[in-house]
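K.L.:
Here the protein sequences line up with chains A and B, keeping their order. Taken in order, the first sequence gives residues 1 to 116; the numbers are from the numbering used here. Taken in order, the second sequence gives residues 1 to 110; the numbers are from the numbering used here.
Some clues are possibly wrong.
With a Cα cut of at most 25 Å, we get these calculated PhoX-like pairs of lysine-lysine [claimed, not checked]:
| no. | chain 1 | residue 1 | chain 2 | residue 2 |
| --- | --- | --- | --- | --- |
| 1 | A | Lys41 | B | Lys49 |
| 2 | A | Lys41 | B | Lys77 |
| 3 | A | Lys41 | A | Lys55 |
| 4 | A | Lys14 | A | Lys55 |
Derived by calculation from the structure, the hints in this document are not laboratory data.
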Amino acid sequence: GAVVSQHPSRVICKSGTSVKIECRSLDFQATTMFWYRQFPKQSLMLMATSNEGSKATYEQGVEKDKFLINHASLTLSTLTVTSAHPEDSSFYICSAREGSGANVLTFGAGSRLTVL
Amino acid sequence: GNSVTQMEGPVTLSEEAFLTINCTYTATGYPSLFWYVQYPGEGLQLLLKATKADDKGSNKGFEATYRKETTSFHLEKGSVQVSDSAVYFCAQGSGNQFYFGTGTSLTVIP
Chain A
1 GAVVSQHPSR
11 VICKSGTSVK
21 IECRSLDFQA
31 TTMFWYRQFP
41 KQSLMLMATS
51 NEGSKATYEQ
61 GVEKDKFLIN
71 HASLTLSTLT
81 VTSAHPEDSS
91 FYICSAREGS
101 GANVLTFGAG
111 SRLTVL
Chain B
1 GNSVTQMEGP
11 VTLSEEAFLT
21 INCTYTATGY
31 PSLFWYVQYP
41 GEGLQLLLKA
51 TKADDKGSNK
61 GFEATYRKET
71 TSFHLEKGSV
81 QVSDSAVYFC
91 AQGSGNQFYF
101 GTGTSLTVIP
């Protein structure tokens, strides 16, 4: 079945630095990818919808200058947390929808970001 | 608007007990319905899905039936195992729009 790889799985960084998280579809082309944030013991919060070759669509309240999303190819989307602060510490999860029109999301394993 | 409401947890069951996690949805149109499972420290995995009314999704002993008349997609398993301990998310999707419930934590004790 469809596989989405997310990297890194864990990252620790200092406050003020930037961190990039990659999301790759390994065996299918993903015209659309989604980025979520999950706080401990809470549900997923959709941050943005990433479309290949165009600008991401951000949800209300998500700072697009802080969470930069790039979807430069049909198999790769990246989320960059710029000038990270401790409150950005969270579990970030990406998902991808196959370009064939399949109405199923395949999720990456998530990336645990800790900002010191 | 579209939304998903699922049973609040946490749920604690003994091994081999019967499991039901309720899920209802509101939607304009006829979305596909899903159950995803999240094991500790991991991302979400698709557990089962149903794409139209009266469809039954099943996997690993779990089942859920798409009920249009009650707008429900309740998850059931006849005999849970310790390895089923996880958080379960009900979701609906149509096109690029996906909506998730808040998740239900299940703990199965030996």
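K.L.:
Of all the hints given earlier, name the ones this structure violates by number, lowest first.
P.N.:
Per hint list: 3 and 4 violated.
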